[in-house]
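As a plain string of letters, each chain reads:
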Amino acid sequence: MMVQPVGIAIERVSKSFGAMQALADIDVQVKAGEFLSLIGPSGCGKTTLLKCVAGLLPVDAGRIVIGSRSVSGPGGHEASLVFQDFALLPWATARENAEFGLLLRGAPAAERAAAARHALAKVGLAGSFEEAYPSQLSGGMQQRVGLARALAVNPQVLLMDEPFASIDEQTRRILQDDLLRLWSEERKTVVLVTHSMEEAIYLSDRVVVLSPRPGRVHRVLDVPLARPREKLDVRASGEFARLVDELWQILKKMQ
Amino acid sequence: MKRLAARGAPLAAFLALWQWAAWLPISFNFPTPWQTAVALTELLGSGALLQASATSLQSLALGFGAAITIGVPLGLLMGMVRGLGRVARVYLDLLIALPSAALIPLVILSFGINIFSSAVIIFVFSAPFITMNAYGGVRDTRPRLVEMARAFGASWGKLFTRIVLPSALPMILAGLRLGLSRAFLGLIVAELLLSPFGLGKLIMNSRSMFEHDKMFAAVLWTLILSGAALYALARAEAHLLKWRA
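Residue numbers (numbering that gives the first Met the number 0), protein chains in the order written: chain U, 0 to 254; chain W, 0 to 244.
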């Protein structure tokens, strides 16, 4: 079931909402299998850019290519989205939620159930949690279901929109480690939108800093921290602190 | 035992209040709970009550059934087609604000005096509420869920059946419950004011014969019927929305 990761080419992308220009001439190349974060002050268009990559918003100029397919609308099979507010169906159980992407793509019931179970197990929600409704789960567990739903369709790319922003700090760190472990096992390309400098540095190979109004690529920061970071206690290292501070200095000068 | 007491106490208080009201010299015709219960047993025994109920429930099924089959799809359509919703909700607001009984003369002129016209009155009483709730339910759909489904490539049909409809279901069911209580109201209003059939006829006949215990029994029976119907609907609702528990 392993899929080959693919790269994403974002080429001279511009996007306006009426008179307001959200993105101006964005050029980013995401390598196959790379973990890339988008960060910037609010209003820099990082979520807009992610939605353009997902095909949910059409671009005004430029183009976005995932693998070999030029993005022209939503529903491409290469990429799955993970949402800040989880976007779970409140009337469906964890398993039914995890199956939802496959259901929309018309997969037969047996295949859906197997893929959903497998994905839930991967995110640590096997067993009795499968039949729980979202309202019975904690925020962290709900996001695990959201992640399982994204993984169940076996995409080559994960697009994550501030996935841990509304989760408490302790749970967030556990989820970050779990995400790194999953990423190293699954070899997917990840684009993560975040407003947390620590999160961006801890998870990413590269951090793209966007400047606001209109959103432009301000800087691209390489993160040469050793992996697997979830096992190396990277958060405690001086190099980690130095990189977070470097990112902070970049963002501070932009205010 | 505690629950039984908690449920029984209000009933006992109600009966006591009724008994006390019957002792007051409001009217010598005001029957006590006991007299009413005896009359109810008699009416049930003679079959008059069941026959009247069958007639009334026929109108109710016709009118309320039509209100559901037309009202729910109309509300859903109004929610899906924004322009239509904006225009239609003005008329719906008017229909809801209008004292529905004012339409009865019009209904008599149009349909004559028969069971069908009772059904029309019931429809007019209940349908606007059913439609309004279905409309509100669609409008309450979280845009984020629509976005999520679109990201997975959902077609318009799937968006409707998998996102919009389940999102609207709680409001639709609440609308059906509201509509059902309005339908009972319409039924009795129609049968008292318009067509001499069913339970309304029984109430009116008992009144004109000065059999006030029977009149009260018929009213009580109507209350029991509507209470049972609403309870059944509430149970169905709890079953369908068990994720909210």
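These are computed hints drawn from the structure, not numbers from a lab.
Be aware that one or more of the hints could be misleading.
[As the list claims (entries may be wrong)] Okay, the calculated beta carbon distance ranges per label pair:
1. GLN135/U - LYS1/W: 22 to 32 Å
2. SER183/U - THR160/W: 52 to 62 Å
3. TYR90/W - GLN3/U: 53 to 63 Å
All residues carry an ideal CB built from backbone N, CA and C; glycine is no exception.
Tested hints:
1. GLN135/U - LYS1/W: 22 to 32 Å: Holds - the Cβ-Cβ distance for GLN135/U and LYS1/W, about 28 Å, lies within 22 to 32 Å.
2. SER183/U - THR160/W: 52 to 62 Å: violated (38 Å)
3. TYR90/W - GLN3/U: 53 to 63 Å: Given about 58 Å between the Cβ atoms, the range holds.
Hint check: a violation occurs at hint 2 only; the rest are consistent with the structure.
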